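Following the hints, put chain D in place on chain E, whose structure we already have.
Here is how the chains run, residue by residue.
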Amino acid sequence: AQSVTQLGSHVSVSEGALVLLRCNYSSSVPPYLFWYVQYPNQGLQLLLKYTSAATLVKGINGFEAEFKKSETSFHLTKPSAHMSDAAEYFCAVRKTGANSKLTFGKGITLSVRP
Amino acid sequence: DAGITQSPRHKVTETGTPVTLRCHQTENHRYMYWYRQDPGHGLRLIHYSYGVKDTDKGEVSDGYSVSRSKTEDFLLTLESATSSQTSVYFCAIRGDEQFFGPGTRLTVL
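Protein sequences appear in the order of chains E and D. According to our numbering, the stretch in the first sequence is residues 1 to 114, in order. According to our numbering, the stretch in the second sequence is residues 1 to 109, in order.
Because the hints were derived from the structure by calculation, they are not lab data. The structure presented is a predicted model; accordingly, all values stated were derived computationally and were not measured. You can trust all of the hints, since none of them are fake.
Which residues of chain D face chain E? A few of them, derived with a C-beta cut under 10 Å, are:
no., residue
1, Gln6
2, Tyr33
3, Tyr35
4, Gln37
5, Pro39
6, His41
7, Tyr48
8, Phe100
9, Pro102
10, Gly103
Distance ranges between label pairs, derived from CB positions:
no., chain 1, residue 1, chain 2, residue 2, range
11, D, Thr17, E, Arg113, 40 to 46 Å
12, D, Arg30, E, Ala17, 40 to 46 Å
13, E, Gln42, D, Asp54, 27 to 33 Å
14, E, Glu64, D, Asp54, 33 to 39 Å
15, E, Ser28, D, Thr17, 38 to 44 Å
16, E, Ala17, D, Lys53, 47 to 53 Å
17, E, Thr77, D, Pro18, 43 to 49 Å
18, D, Ser67, E, Thr5, 33 to 39 Å
19, D, Asp73, E, Ala54, 33 to 39 Å
Pulled from the structure, derived: some chain D residues nowhere near chain E, Cβ distances all over 12 Å:
no., residue
20, Asp73
21, Glu79
22, Ser83
23, Gln85
All C-beta atoms in this analysis are idealised placements derived from N, C-alpha and C, irrespective of residue type, glycine included.
One chain only, chain D, in its complex shape:
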């Protein structure tokens, strides 16, 4: 299995609070991605990174920011969480293929 971990795995928070999700890889891959998964929508790309300090927006980036200061870590931040951001968040890395982390289930009350 590709070495991808996500933390936390589960989180419950309140509307308006900041939340940071972490993705850590041990594969030294250049490309990293954050997706959210919602019923009926499949996986939608939030942000992605193509190198340290190089990031770009995906199709559902509003309300999210990312940072990548090291190759192995890609952080996703919800500056002020809303109930619509309740979802399962997946990190992925890519070499020849795309590999996914185990996911973080976030509930915003």
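Isolated chain E, as found in the complex:
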């Protein structure tokens, strides 16, 4: 079985500060990994994905994530937070294969202080 752990439920940073949202996964086979963002009262939007190509993945809005197999991690970072980054962020994992399903973490709410 596959699973995702997002430690903590809330992260608060100052505008301009580094954003680091942690995600650790468990999978019996090499996984595909995803980060989604959800703005208030909206659906989920894909930020970036890892599909076994480059281990450093760049996404939209200046976010990136690095796949580290030795640490079973896929942490999301952004060098400088902007007020518009305030949202809920979900890490998700799925196996390769046509019929595989996404498993989501519980999500982390990011607040950005002026």
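Coordinates of chain D only, in the frame set by chain E:
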């Protein structure tokens, strides 16, 4: 944006009544999914479909049924709604990536 719509967007109903939520896609994708989102639980898969008339259960399928008679439509039915089914429901479709609809906020009183 992927062409996914959900209807209704908001619904308030009473315990014991049947409720059907609709997901419609214009992308002709084979895979469609229903999730529920609850605080502290993230998104949990209810049911999914891998083709017309082909559906299977997810991790929280009790109390829910689905149907898919056309590629573009995936219906989620609560046969007898309970207060524990108060939630936000998201439909998703999948090609290379998974895309989500705008959600339906369901309140069961």
